[in-house]
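For this one, chain A is given, so just place chain B on it according to the hints.
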Amino acid sequence: MKAGIQTRLLILTTVVLGTFLTLAGVVLDRSFKASVLTNAEEQLRIVIYSLMGAVEDDGTSLRFDGALPEPRLSQPESGLYATVTARHGLTAWQSPSALTSSVHFPESSDSLAAGDFVFFSFDEQAARFILSYAVIWGDTEDAVLTFTVATDQQPFQAEIQGFRRNLYVGLGAVTVFFVLAQWLAVRVGLRPLRTMAAEVRALEEGQRESLSEDYPKELQGLAENLDRFVAHEHRSRSRYRRAMEDLAHSLKTPLAVIRNALAEGADQQQELLGEQLDRMESTVTHQLSRAAVSGPVVVGRAVNVFTLVDRLVRALEKAYGDRGLELINELPPDLTVRADERDVMEMLGNLLENACKYTHSKIEVRALSTTPVIIEVADDGPGIDPELRQEVLNRGTRADVLQPGQGIGLAMVQDLLAAYKGHLEITESSLGGASMRLVLG
Amino acid sequence: MRILVVEDEPNLRAQLKTRLNDSGYVVDVAEDGEEGLYFGREYEYDAAIIDLGLPKLDGMALIAQLRAGERDFPVLVLTARGNWQDKVEGLEAGADDYLTKPFQPEELLARLNALLRRAAGYASPVLEQGDLKLDTARKEVRVADALIELTAYEYKVLEYLMLNPSRVVSKTELTDHLYEQDFDRDSNVIEVFVGRLRKKLDPVNPIRTVRGQGYRFSLESPA
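Here the protein sequences come in this chain order: A and B. Sequential numbering from 1 applies to the first sequence in my numbering. Sequential numbering from 1 applies to the second sequence in my numbering.
So here's chain B without its partners, still in its complex pose:
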């Protein structure tokens, strides 16, 4: 999951990045509204965390411009002012949720998690597809209630595919959303992860290979 963080306070920005990285997210940071807008327009993100009080271009305007540019990833707004006028205006500008500073890091992660799920159409934190259950809060995967041991990257691949169901996800997209930029794009590491995942998830096999294009999450039998 690739997250854009736009926050002008350097310490908080660094903390957010560390915190999100630790939770398995890939994070890009921007220190002002204009930089945030550039990133938001240039790259594909799964969600953005945007502070409302930003230099150069304030958070509200940034969200409005991202939305106007048809960027529809979920946006979590951070506000220090915490008054309802700001929250409502932020949500009206196109944000999807708000968090008032100071906040508990756990709450930020929970809200972000919920936004990602909602964007994929899941109401519960546990993503269910047939016998396959993926608990986004505990980062656990179960097949027919049996816990499957996955590495962090294997989990991330499965989660990303489950959050983008019935859509072909290219290897490049997977790489962009799951790994930091300096990752070697040419390596076949994705294929290795997918292969290991298929083995661990057996007997369910939800990951289909679409030749020349990438992978698609589907529990239906291959045509």
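Isolated chain A (complex conformation):
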């Protein structure tokens, strides 16, 4: 069986939503990281500008009078460091904060043209952001100073981590919320379908005649069609059966007329005609009975076999009243089968009548098993020889060689059983006679 609609919808939503939110997460994460870097670069640029503004050049060396423009530059290990280099990598000045730390400034790049900013967002060794700026300092083109400022990445990383954490928690919460909402929506949305499934089941089991009428408009058409189909099935079943009965009546009555006329006459061909009539009778009887087999029911109630056998027993006790037979129904009172009632009655009726014909004094009907249903009709008559049992079963299945009184009943039982994917077994009964066993599917 395929996964249910609810499961499918949930899986699909979860996949789509998951992908969407993951992509959104990645994009947001990248943008935030980029903005943090831009922010870091901007902060360093401001430090460079303020250093440039505060520096004093006395021609031989660079110095800063008074406080440095950024107090953190004066504090050792403060996380903000600066250096100024002249041409050829000569360090002209270094901030006090950098003196005791192992700040690793990049080699002063002579290639850096005046007016260029270079931002190193990534310093493997000390995990710092570094910004360098070259500026022409003095009158000669040679007098180029490179201001380099470095700051620890850690606070920025922490900011990114914090953002990420919030982002993931937020997105996770959104995902869970949406999946739950979707699950709820699907459950509520599919409720009419579940109701319909339950009603169809009830219909199958014969607990209701039609579906209810308050379905949403998308399902209303389907429900109505289903109702029409069920009603049609019932109608055509009974119409078919009536047609078969009428056919039986219109064929059998003339046969009865011919037979009686024949019995009155003294024609020499009487015997021959009689034989042919016998054949016609058994064929018509058998084929019509075959055609009347309903087969397994799709829609209908389960048949209580106990009640049915009870009715048959009473009927047969009446019909065979002069034999004084003892018919005992030992079936469990709640034994049911999913089948057409007439079919079951036909099978058991034929078996019981056969038993009545052959038994000595007693017949018992028992259930040997309930899954599958095995019903035994046992008698205390002469029984059937083991060598003959197969022949009896075969004879029952070959209509063309049937003779009147020769197992039309059994053939009927076997046809019915075939429609229900069951079979007939013949053994010896505990009463000493034959045991006919109906094995239903």
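Some clues are possibly wrong.
Said to hold, decoys possible - Have a look at the derived ranges for each label pair, beta carbon to beta carbon:
#1 A:R235 to B:N11: 30 to 36 Å
#2 B:D135 to A:R389: 35 to 41 Å
#3 A:E326 to B:E92: 19 to 25 Å
Stated by the list, open to error - What the simulated footprint calls covered on chain A by chain B, stretch by stretch (three residues with Cβ under 8 Å from a Cβ of chain B suffice, anywhere in the stretch; the number is not a length):
#4 346 to 358
#5 366 to 376
To be clear, the hints were calculated from the coordinates, so they are not data collected in a lab. Think of the CB as a built atom: it goes at the ideal place given N, C-alpha and C, for glycine as much as any other residue.
Using the frame of chain A, we list chain B on its own:
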């Protein structure tokens, strides 16, 4: 024995009547359920043969209404459909036996015979009262195993009385059940048959005359 036959197919109806008449039964025929109900209510029958598929009132309803009107004569049902649902419903409606069309005329007669016997309380086709034996299948009468030659009417009188033992049967009843309607009711032919029967059955004398009422079958000595 007076039998009611309710069958709508005219040929079969006529054949049944002939067949039953030939076997010594008096037969009334009805062609639909309503007519059958009328006959069944108006006249006394020993048995009825009723087709299930009847116009106007179907066989099942006819039987149910006869039973509701306390008509308890045995009913043999004829059915063309032959399915068990019909047979069981027919028997539940009050029928006593069923026969599926097409049927052998001999089987119909045998079943009818059995129904009549059962209704009178005999289990075997041979009705036995002391030394007197009446074989309903072969229509033979024996006294102490010696075959007694009886005419058809003598046999019918004896059979009817034996099937209604220990009950006073009036001459009118005998006439109604043994002869067609146009029989002259005033004649003393019944007395003649009874007289001849007594002579032939001697030394047993099971037919008692109940003065002013009729006859009673009994092997006991007259009081």
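Identify every previously stated hint that the structure contradicts and give their numbers, smallest first. 5
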